[in-house]
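From first to last, the protein sequence lines are chains G and Z.
Each residue of the first sequence is one higher than the one before, counting from 262 in my numbering.
Each residue of the second sequence is one higher than the one before, counting from 188 in my numbering.
Accuracy of the hints is not assured; some may be wrong.
What the hints assert, rightly or not - Derived DSS-like pairs: lysine-lysine, alpha-carbon spacing no greater than 30 Å straight-line:
{"id": "1", "chain 1": "Z", "residue 1": "K452", "chain 2": "G", "residue 2": "K770"}
{"id": "2", "chain 1": "Z", "residue 1": "K852", "chain 2": "Z", "residue 2": "K681"}
{"id": "3", "chain 1": "Z", "residue 1": "K893", "chain 2": "G", "residue 2": "K770"}
{"id": "4", "chain 1": "G", "residue 1": "K675", "chain 2": "Z", "residue 2": "K893"}
{"id": "5", "chain 1": "G", "residue 1": "K323", "chain 2": "G", "residue 2": "K703"}
{"id": "6", "chain 1": "G", "residue 1": "K357", "chain 2": "G", "residue 2": "K703"}
{"id": "7", "chain 1": "Z", "residue 1": "K256", "chain 2": "G", "residue 2": "K770"}
{"id": "8", "chain 1": "G", "residue 1": "K675", "chain 2": "Z", "residue 2": "K256"}
{"id": "9", "chain 1": "G", "residue 1": "K322", "chain 2": "G", "residue 2": "K703"}
{"id": "10", "chain 1": "G", "residue 1": "K770", "chain 2": "G", "residue 2": "K323"}
{"id": "11", "chain 1": "G", "residue 1": "K675", "chain 2": "Z", "residue 2": "K452"}
Said to hold, decoys possible - Over 10 Å on every C-beta distance to chain Z, these chain G residues come out as not near it, computed from the model:
{"id": "12", "residue": "F265"}
{"id": "13", "residue": "V269"}
{"id": "14", "residue": "Y285"}
{"id": "15", "residue": "I310"}
{"id": "16", "residue": "N332"}
{"id": "17", "residue": "Y380"}
{"id": "18", "residue": "V439"}
{"id": "19", "residue": "G453"}
{"id": "20", "residue": "A541"}
{"id": "21", "residue": "T566"}
{"id": "22", "residue": "L618"}
{"id": "23", "residue": "L653"}
{"id": "24", "residue": "T692"}
{"id": "25", "residue": "T704"}
{"id": "26", "residue": "V747"}
{"id": "27", "residue": "D784"}
Rather than coming from a laboratory, the hints here were simulated on the basis of the structure.
Even glycine gets a Cβ: it sits at the ideal position worked out from N, Cα and C.
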Amino acid sequence: MTAFIFIVLIVGGTAALSWPLGRYIQWAMDPAADVGPRRRGLDRLFERIAGKLGRDAQGWKKYILAMLAFNVVMFVVSFAFLAFQHYLPLNPDGMKAIEGSLIFNTAASFTSNTNLQHYSGESTMSYLSQLCALMWLQFVSPAVGLAALAAMARGLAGRQQMGNFFIDVQRATFLVLVPLALIMATLMVQGGMPMTLSGAAHATTLEGAEQVIARGPVAAFLAIKQLGTNGGGFFGPNSTHPLENPTFWTNVLATMSIIIIPMACVWMFGRIIGRMRHAAVVFGVMLLLMGTRIAGAVLFESAPTRAFASLPIEQTDGNLEGKELRFGAAAGPLWAVVTTSTSNGSVNCMHDSLNPLTGLMPMIGMWLNEDFGGVGVGMINMFVYIILAVFLAGMMVGRTPEYLNRRVEAREVKLAVLALLAQSLFILVGTAVFAVTPWGTKTLNNAGAHGFSEMLYEFSSASANNGSGFEGLGDNTPPWNIATGVVMLLARFIPIIVPLAIAGSLAAKRPTAQSAGTLGVEDGTFGVMLTAVVVIIGALTFFPAAALGPIVEHLQFMV
Amino acid sequence: MSTQTDNRNPRREEPAAHSKPIVETSAGGKPRSRPGERAALDATRGTDRSRPLFEREIVTKAIRASLAKLDPRHQVRNPVMFVVEVGSVLTTILFLQALVGTGEASAAFTGVIAAWLWFTVLFANFAEAMAEGRGKAQAEALRRTKKQTLARRLRQPVSDTEQERIRTSEMVASTLLRRDDVVLVMAGEFIPADGDVIEGVASVDESAVTGESAPVVRESGGDRSAVTGGTRVISDWLVVRVSSNPGEGFLDRMISMVEGAKRQKTPNEIALDILLTALTIIFLLVCVTLLPFSIYSVNAAGQGTPVTITVLVALLVCLIPTTIGGLLSAIGIAGMDRMIQANVIAMSGRAVEAAGDVDTLLLDKTGTITLGNRQATEFIPAEGVHIEELADAAQLASLADETPEGRSIVVLAKDQYGLRGRDVERMHAQFVPFTAQTRMSGVDVDGTAIRKGAADAIQRFVECQRGTFPAALQRAVDSIAKQGGTPLVVASVKRGKASVLGVIHLKDIVKGGIRERFAQLRRMGIKTIMITGDNPLTAASIAAEAGVDDYLAEATPEAKLKLIRENQAGGRLVAMCGDGTNDAPALAQADVAVAMNTGTQAAKEAGNMVDLDSNPTKLIEVVEIGKQLLITRGALTTFSIANDVSKYFAIIPAAFVSTYPALGKLNIMGLATPQSAILSAVIFNALIIIALIPLALRGVRHKPAKATALLTRNLLIYGVGGLIAPFVGIKLIDLALVVLRLA
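Chain Z with its partners taken away, still in its complex shape (with noise of 0.2 Å):
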């Protein structure tokens, strides 16, 4: 949320109580869900949009498209797999030749093997189809909303009668749309494209793209003036001027991102490529060089015959870590996915690794550490005033107004002093609403006017009447806001005698459960800071409260803006969320930079995030997919490493026993014959792939903790289970062969 002062919006101008939603769709209409309040929702709460791992239409889809990823052309971008689908091809060769009788190994072993070297090729396409699949089914459902409908195109967007402009409009298909197009969109019609309000308001649904039901108001001006195509204008009008091309969309490019068809390797990505990469090179060396080894080894040991090509294909197959070079891509895809799941769009992949390494949080105040708004905790009557008068007055004043500030102090005065709501109707009570003029809102009921407002606007009102505002009263004020409250001060005009009845304290309320979760980033090593447009004192005592690390008090665009580029030059990430057209600069210097999707169109294009829900508090929870995705690489990389060394247990005695027996006491799983060793390592290699399909999607478990305790636990799971986990594996399935008889 942003803090600038907007004077177009007056929820903006006075933060106190005295709010109303510009559009009203129906008198007296229920409380409507705004933005602030829903951010106001517990950070955690269950996102809508996952779903279940192992979708039968997707997994029907993904098996298709594995075979389809045999194509050279795609194996190739993935040197690990490459490789495995060159031994496939050698082996399959091999096969061929030993089925016309002249093979170097039996035609049942060498097609053995060669199967499962085509089958570990395919269970890895088959991660990387997943993956895919999952974010293609998203794209559909995004797909859908992104329906072709008729525009009304204004030919002249400034006339002199509505029915003028009306008359000129003429009727176009909203994908002819271009940028710069201005439409017309009534109520009850689909918002054509991408654009910015610049005439009317109005009710839009936009649960198509967000997924929430409730609508949200969009006006000219301001913040609020980003439309979204594919969404439904409920009621008025509006005025948008077209923001974007065919095909260039919001929706378009959510659609790109997660079906992956813009999908670049991320800076880490490539790294960790490399390494894969000279890893596989060094097993080649190691597996070419055997050869010769093993030809030296069998003159100088006068029997048994040199290792055949189908075992050195397996052996180098088994070495090379196909297990993260096979699921390396699928963990990639699946953490875009695991974003759209937290209902935030990453513009990239880089973005995605990039909040894993974030170390400075810029959270706003409102919404994201305090409830949306302030709630009335106190009430302190004027000297002379008894405390039951004035919560009276002040419960009265309140009743009609359905601001969250109004209704806890209703609240307050019911559970502090019994007093029941009464039937405003009923009382003949006239409700005075809010106005940016007055400042005050109240009630009038039998001749006496309750007004409540800023203390500076009560005191005009006050001396207006003739009455007096008390210097005692002036200092409880002045108090109240020095302990970061908002004082507001309750009047009456009773028979033409106007006087001050006391001040109400309206104070922030920090969210429950937020210090802890600050505690926690804190040991995760990350830095909180909070940002706020109140004054340094206020904003201290709240920042106590929440247990930031540090604030930024009447934070304006450009105090925010360097705040950033300090924390950059002192080495440190930076994420933030914004939503305002005066965020855009400072999302734009951030390296992480979550856009709210209801904020401004350039605030949207100046992030590289957008958070369709507009809750601040997700920050930490893209911080944490982040981390989770670079976890899950290393953790499986360093558990690919880590089962070679079975592996070579199983395969070297097995490739040459027969030239030294004596190397058969290296067999130390008790393998059952050298082909059943080395068929079940291959097997063991191309089923842990399908094995931890899973874990690559859904990602390895990540708690927030220390850095040397996340090394510590990962190491012990994926390096100690690494090197465990296949010595039973490989010793269970040649068990299974053996009872087969395969063995």
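Next comes chain G alone, as it looks inside the complex (with noise of 0.2 Å):
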């Protein structure tokens, strides 16, 4: 019971914050023809920083072309910092050089915003490849997103012009992201988080044994890790670390700000739409989708693990294995669905050591990856389902399907399934290749269909930019770098650029008048559909891999 009211504390609390912070974002990415000066000197000054790229606004082809230069640079500047960290300067600890294929995984992993780290930070990064390589990613990567919302829902909106990409990414980066990360840091500073460019601290433990205790800039990392929807953590074990999650508080605060902006986000796009009622709409589909997945995760949670099956005790308080007692056996839980309901990927749990049907949980939100998914990119995802439920819905209703007035048809269509095969594709394929291949089977450190589950896991968290490890996988091999490196990078763009090209094309056309025979976008009735569509094509795609995964594994637990 009291678990079920810090849930409901938390993702409500959560839910009336992103209200005025969607507000808030709209101001700052697309704001009003009327704004006040103070607003219009700010993107005066964005404009000089862009000079001769900030002056005309974009198409949707010029924006995504825009987009994908500006990730070339990203992607290459963060290589080239960690192809040289141990040449560089602030490297107080002397991290030695990083193997080819682990810098290409990590690049396209924060340049991607997925965040997937095959290495422990302490142990490999320097505080310059820290913060130089990744930590800037971890604002411009979900910056990326969110511009790319905005410049979708404007062509929603039935503005050809979907804006300029880089004022959008500088207006992301420096009026929503840092202001927040800024908060977020001095609250995680206030909740006992290190926050110091000094190497480690040395101590000497009661055994008098000398111990070596990692730290540094802990707090700036951690703020945008959550923010950002980035995931990676400042140490190999994330936010299960007690520097990078000292206590029960500052759970509280990283949970909710995993999944705030997210949130937020689909309220700007309801506003730039002009069309609150169907965000609202949207909202609560994905809050219910994500609720279903949470009261799933602790329900399957509470039982003890199986490996107290066998044994002559009384355990009442749920699977406690791989949990931070300090946070309580639900945190782990809730955290572990809201970190893959959005893309983020940190954890403050082992995921590998939850129940067979609790660790599916986490899998089927980075399936779907849309409730509330990534900073920007969860509402974009979400826009192709739409565009499907609409499809279905609108020939239910014995018109050609419309979306905002405006008609989806064979163009539209192309290019909405493209995206959705590109994801089963990715997710599919790439454990299909690694389960008969000593590439995967060789890297698993459990056998069975957990083996099986971990693989899974990994691809899943690759294809939807999450970043979280089931891990129990040695997964910093070759093999699994390239795959899962090319997997993030295509998972990334195609998933941005395909619904751009979608509302382009809306945009495009003309819109049509709105009367009763339309279909509705902003009732219940809209809602089961979209729900449906998406819990039965996400269950028609994925439901045998989970049936040889995690399925399987629990109803072996069961005999």
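Given two chains presented individually in distinct reference frames, assemble the corresponding complex, making use of the accompanying hints.
What follows is the structure in structure tokens.
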């Protein structure tokens, strides 16, 4: 019961806060024409910084090109810093050179807002690498997502010119992410998180042993890690590490900061397209999907771990394996679901130790990847499902399907299914290849269905740009590094490019009139339709894989 | 019906009472059915072209055709069914391999699966062939009317004498006629080709095309100049300029449309095809990757065997949307067929589909909203005249008047004042017919002349006889006009003294039930606009009475075109119907344009549908058929996808239970054996296609309602139903297999 109230307070509180934040983000990203002089001054500043690049409004094609070019720069800069870290300053602990495929994987991972980490930060990365290769990408990569959502929403509002990417990315970084991260970091330092540039602390334990305690600019790193759906921890164990998540309160704050921006993104979307009721329906569907998984995870995790099954002990606190006891048994599954619902991927418990069906919940979150999804991109992913729902529902009301007064025709459907196809291709084919080759089978720590889940999870995480790991997988090998690196990049950009193209194509159409015969996207019926499309398409694609992984593991457990 | 003014056609010039058909086939001929009157029939009257769903002959042909359609060149047009066919070939090869003793599974199991996969393809082919067969049967009926006849081609269409013209003519086969040839058609002859009448007036029996037995008048010029090849001239003669080359005529086009020879995929069909293909590819990925997953699992669990190709193919076929994939083209063809059953020929499938999207209907007032003719509702006597006297005179003047207006006066007099019809012959009364010059009609009896006509005509008539037109009556006349009625003034000349007796109020009668129909349309989100040539005042009063959303008064062709453009610019799709040549621009501009079969060739060319009944109310039906087509597609797609959930529960446990016995718990249907489970799913998947053929051909029942209500209803029936039905169906088939000891 306490767990229930605890969860409702956290999720409900965040949802409530997302409303004003959505309003603020719209003010930041897509200011109205009659906005005050101070806000206009900021835009003029951004235009000056962007110079020639920021001058023209861009159509969807130019916007995408600008975004891709910018991401290439992000990737190259980060790659360079990582490759030369042992020659560069700010390396008090003398970190060594990094292996090539790991550099590729890491650069791809942080560029794509995934933050899948096949390394332990405190033993691999110099402070300069953490700050200049990784941390700035933690700001910029979610900014790219936010910019893309703003552009898509403008297109759906009927504007052929979707804005200017270079202005948008600055707005997102400096007006949204940096201020929020500053507030969050300050709160975290209050909560006892280290924030320093000095090297590791050395301590002598009671037993007289010498202990090296890694530390660094943790609070700064953590704030943006959570807010920007990044998830890449300063420390290897991520937010299970006591210095990255010291208390119950930092844990609550960190959980909330995972979903607050993705939630606010839905409201921003609604404001830009001028359909708040539609946004509310979408928000409701997302909340329902995520809430169901949270409930499932907490419920499944309330059973003790399988290892206890044959032991003559009574355990009523649920599965405590792999949990941080200072947070309690419910905080783990909650975080696990929330972090995979958004493409965050930070962890505060060991996902590998979750009960089988609890472990399924994060996987489902990544397969769907749209409630609430990554910063900006969650809503963009949901848009693909909306197009499909509109298409099916539109036919069922006897009209050519329409979305926001524009007809959804062959071209839009083609693009939407492309996005859908890409995701199943990455996850299923990736897992299939690794399941029957030594690339995968040699890296497993667990045999049987659980080993299968580990591989499935890894590819799901890469494809969803999530970045969390099931762990238990020796994934720092060239095959894993390269395969997941490629998947992360493709799975990042295809789902951004395709919806922008759809929005561009819709924007170019003549708007149709709305009447009682038009399919409404602002009522509960459409919400049901959307939920059904998301659940059924997701279930149909991934049910067999799930059956051979977590489901069979659970069933065996019951035997 | 057009609202234009045409000098050659008195009916249009004087919409009041005094019109007579130009051609009388016999003296005092019985009232003849005219388009306007037929249009006045109830819009939803039974159609005579419908045929039973399964006719033996069509079914036999369809069975043969479904075998012929196995040709991969045909199947590749439909990616979903093509995949099933490839799967059938694969499993057949595996079956043959098993027969020689080296198969991956037992020959019996592989063989039965292969057989049912072939049945799946055949059932889908059968559905398509059934739909096509119904179209073909329709076309056959049409083709029978397209007899090859001899035509009298005129080499000198313009000659001084009739004899000269006929002397220089030649007899040629109708198939040799080219565009712009001129032919003479005499009474009793068939019109050899589509064309326009350039000379003559005749009554023509068009029942071969329209199914309507009453003959219609065809005359040169005006809006009734078009004739269709295969129809027969009953009286008089016509000179016709041929408007189409052989094989391009209206009948030919109708035949090729109903046969589906020129069937192209419609935009929505293409979009749906893409979705279905994508789903097929996704499920292909799902099934292909299951093999490595299975190999891993077998290695990891150390027991069982990897899933067989047969089972994977079976799973694939069950998952891909075969239900909708197999029925998709049948649905499209059946949509066209339903149009034909409503006596509407659509020129393309695209037009049928667009009909469902229409959100503005332009409806002509006359014949659509009001009965074709005005009716007398009131007698208003002049000062000093008794009302019975007026009624009596009015009835007398109208006794021989066969127009509906005239008859309505007789009826009103009888109903209100008990005046019985009298025998005109016995009274030695002489009927004075309406002419364009006098614009009056009436009767001369016992030295008294009674005339009725428009106010100005009567005024002239009375003043010529040195009578006066009372000012009080003029006010009554004006007041009737203001209310939207037509005043018909009655005057008499008795012993050289002319006097005005009073005025008859003729009123447009709004059709029964039309108001409810418009309310229904409004609920469906469709706006109705009434088009009329009347003045705004009249238009407004009728519009209010009929409950249309808007009206266009004093409509000219230009105003109509402008109205359509304005609506389209506002993002609306406009449907209209028309028959006149001056309707052609508006018909061409409208998104859905139904030309009346009685209309001109130009109107028919400009429209994308032709209504053989020439019933403007049909527009509403056309919209509903369009909607029904889309709903049927959407509903069956939803059903097809929802079906998959249960198939997983049948096949996944069956396929992997040897590796992971625990997965047996997912067999929630309690199917007998793994083999029977897979077989049941495959059989269900094939049979559901057959089961849904009637639905595909007839279309999902469509009730006019708001979009939200429609969605809720269809989601419940086809979504939730689609989830549950296969659980029941598969279980029943499994039970049957057990009983038959096939499990």
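Inset, instruction - Determine which of the earlier numbered hints do not hold for this structure and return their numbers in increasing order. - result: Violated: hints 2, 5, 7, 9, 23, 24 and 27.
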